[in-house]
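Model the placement of chain C on the given structure of chain U, informed by the hints.
Residue numbers (the working numbering), protein chains in the order written: chain U, 1 to 350; chain C, 1 to 350.
Be aware that one or more of the hints could be misleading.
Where chains are identical, the list cannot tell them apart; a pair therefore holds if satisfied intra-copy or between any two copies.
Said to hold, decoys possible - In silico lysine-lysine, BS3-like type, Cα no more than 27 angstroms apart, as pairs:
| no. | residue 1 | residue 2 |
| --- | --- | --- |
| 1 | K119 | K335 |
| 2 | K64 | K39 |
| 3 | K6 | K64 |
| 4 | K260 | K283 |
| 5 | K123 | K84 |
| 6 | K227 | K210 |
| 7 | K6 | K280 |
| 8 | K193 | K327 |
| 9 | K283 | K141 |
| 10 | K55 | K281 |
| 11 | K57 | K260 |
| 12 | K280 | K259 |
Just so you know, the hints here were simulated from the structure itself, not pulled from any lab data.
2 protein chains.
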Amino acid sequence: MAEQVKIAIDLMGGENSPNKTLEGADLFLSRNKNIKDLKFYFFGDENIIQEKLKKYKNLNNNYKIFNTEIIVSDELSPISALKKGKDSSMWKSIQAQIDHKADITLSAGNTGVLLVMSKMILKTLENVDKPALAGLWPNEKNMNVVLDLGANIDCSEKNLIDFSEMGSALFKSIFPDDTPKVSLLNIGLEEMKGTELLKTTFLKLKEISKLGDFKFNGYIEGNQITKGESNVIVTDGFTGNVALKTAEGTANFLTQTLKKSLSENLLSKISVIFSYFAMKKFKERLDPRKYNGAIFLGLNGPVVKSHGGTDALGFSYSIELCYKIAKGKLIEKIKNNLGHIKSLNDKGQY
Amino acid sequence: MAEQVKIAIDLMGGENSPNKTLEGADLFLSRNKNIKDLKFYFFGDENIIQEKLKKYKNLNNNYKIFNTEIIVSDELSPISALKKGKDSSMWKSIQAQIDHKADITLSAGNTGVLLVMSKMILKTLENVDKPALAGLWPNEKNMNVVLDLGANIDCSEKNLIDFSEMGSALFKSIFPDDTPKVSLLNIGLEEMKGTELLKTTFLKLKEISKLGDFKFNGYIEGNQITKGESNVIVTDGFTGNVALKTAEGTANFLTQTLKKSLSENLLSKISVIFSYFAMKKFKERLDPRKYNGAIFLGLNGPVVKSHGGTDALGFSYSIELCYKIAKGKLIEKIKNNLGHIKSLNDKGQY
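Isolated chain U (complex conformation) (with noise of 0.2 angstroms):
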């Protein structure tokens, strides 16, 4: 028998939960009937939980229950937080991956206290000095990694390489089959633009790549992420994010246009009745809730940040990534690529 896959879930965190974080899991049962070698820890109040499962007939033998009593609220700061947390659903369910041994942890509660409760409990990586956070983008082909998209500020040029090993174990853990592409995002294709910082990358990236954990694109300019001639993106946290959301708030600008083009005279309404399923395909490839799902690289044991304001459907798809992450052995994967950098700079050689 195959080994079990345990995702520990916080399902009280983010609006509308534990509703959208159960309805979730039933979801992607639903979509998944084949997967027998999952296990679900559920850390929430066991009252309100118990109640509203009947309602899922998806969700029997496959979880446990743990009950907390305290919910870490999106108003708190991270300090607060950490006061009375210890006892919250979310600390607990990254505490499983040490009290459970549960394979990886999903939440869609506050984003910097899951990151300072993830960092305290599981520790950081030997030889990583900053964890990351990663996200999955559509592409022409499928999705690429983007990392950091806002946990650091700023970053060296250590930092830049190992985003760049961890988020190709990442990348590998998702798509086994394909080797990764590196790129570092910059303002221009030749090898002199942009920072000081970027041009050392440069360079050692391309050194680096010869340890075959991922072939080195060079560098990419922000149009062409979503060409897919790239799967990892390598940049700082300040320049992830800010690309991050102007690609949301550009996607978002662009749908609601479209919509009020289609919806100002009586021929454009008529013609959605003959392209609804056309329509629907377009929204459903590159609907943001199949992308939902931001990954926590350099510590101890992968932590998943759902987006908070996500539905049932967006929550279901962060637990297929958690699946595919707990399959894909993350965690090995980036101390194997991690290690190749030290025996390199051990011997000096960068």
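Below, chain C without anything else, positioned relative to chain U:
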């Protein structure tokens, strides 16, 4: 009689020039038949131009040709362009602001060379350390100014403050009736978010906005740029360039995915007939050619860079931008705004 507006145009720069540049000038005039106070100063190969001019009915008695034989090609580095560049259409069209009292210069040629030549000929304004590159973005209400888009990778607090004042002057010269609202691009809205540089600039801008040149809206995140709540988005050239290109890439990706979806089956193809006018309106509203033209700010004269790959329609809109900027007395407004800061500075108040 109103003062004449003299626009110096490098006819030879960019793809498919001078065809598109001349056709663009003709298109602009055909859209604006009421404009009688405009004179074009055309710089390029007179023989070619004279021959082509026969086609364009709106161009008569409203232009003057200055013969130049050298073209700055897109492949040239600034250094090699400058060697033989002083006889080029690009150089002469900038020099026209001095030699022939042209009000503004427009070129679709090599951006780097245009920036270097503009600085050499027009010189940087007193008290400005770094000229900036500003662009126009469509938003839900109309359009806004974003700067810097890539002229300066590293920016100081003073640079960002200058950009705020210059960007406000630009907005005001295009939209005389509105008070510019300035925002600093950041990765969160709270006062203590972001880099140290942003935090100190935030506090200074709060003070400086009391001078009345603009209203300071605080921080803005990437997903709010297209909301239209702020008119002038200020950032360093690295972040601005990444944001601009990421927005372009996202927009292209979405429209291509939409196109593909709509051509997938018979029903959706039929829908295209009914949605034709709505889609046309949608495309027109967001047509990047309408926002064509980046403006160099901080020199003793305005220079506009048209996208090299645009067509005649795109070029006609950059002429429209030039006309508005010249009528709006951009340089006067910039000097006025920067003067306010200088007087604060002299009093030691910032």
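We went through each hint and held it up to the structure:
{"no.": "1", "hint": "K119 / K335", "result": "within (17 angstroms within a copy, 51 angstroms between copies)"}
{"no.": "2", "hint": "K64 / K39", "result": "within (8 angstroms within a copy, 79 angstroms between copies)"}
{"no.": "3", "hint": "K6 / K64", "result": "within (10 angstroms within a copy, 77 angstroms between copies)"}
{"no.": "4", "hint": "K260 / K283", "result": "both (16 angstroms within a copy, 12 angstroms between copies)"}
{"no.": "5", "hint": "K123 / K84", "result": "within (20 angstroms within a copy, 61 angstroms between copies)"}
{"no.": "6", "hint": "K227 / K210", "result": "within (24 angstroms within a copy, 45 angstroms between copies)"}
{"no.": "7", "hint": "K6 / K280", "result": "neither (34 angstroms within a copy, 51 angstroms between copies)"}
{"no.": "8", "hint": "K193 / K327", "result": "neither (39 angstroms within a copy, 36 angstroms between copies)"}
{"no.": "9", "hint": "K283 / K141", "result": "both (16 angstroms within a copy, 25 angstroms between copies)"}
{"no.": "10", "hint": "K55 / K281", "result": "neither (29 angstroms within a copy, 46 angstroms between copies)"}
{"no.": "11", "hint": "K57 / K260", "result": "neither (39 angstroms within a copy, 38 angstroms between copies)"}
{"no.": "12", "hint": "K280 / K259", "result": "both (13 angstroms within a copy, 13 angstroms between copies)"}
Violation of the numbered hints given earlier is confined to hints 7, 8, 10 and 11; the remaining hints are satisfied by the structure.
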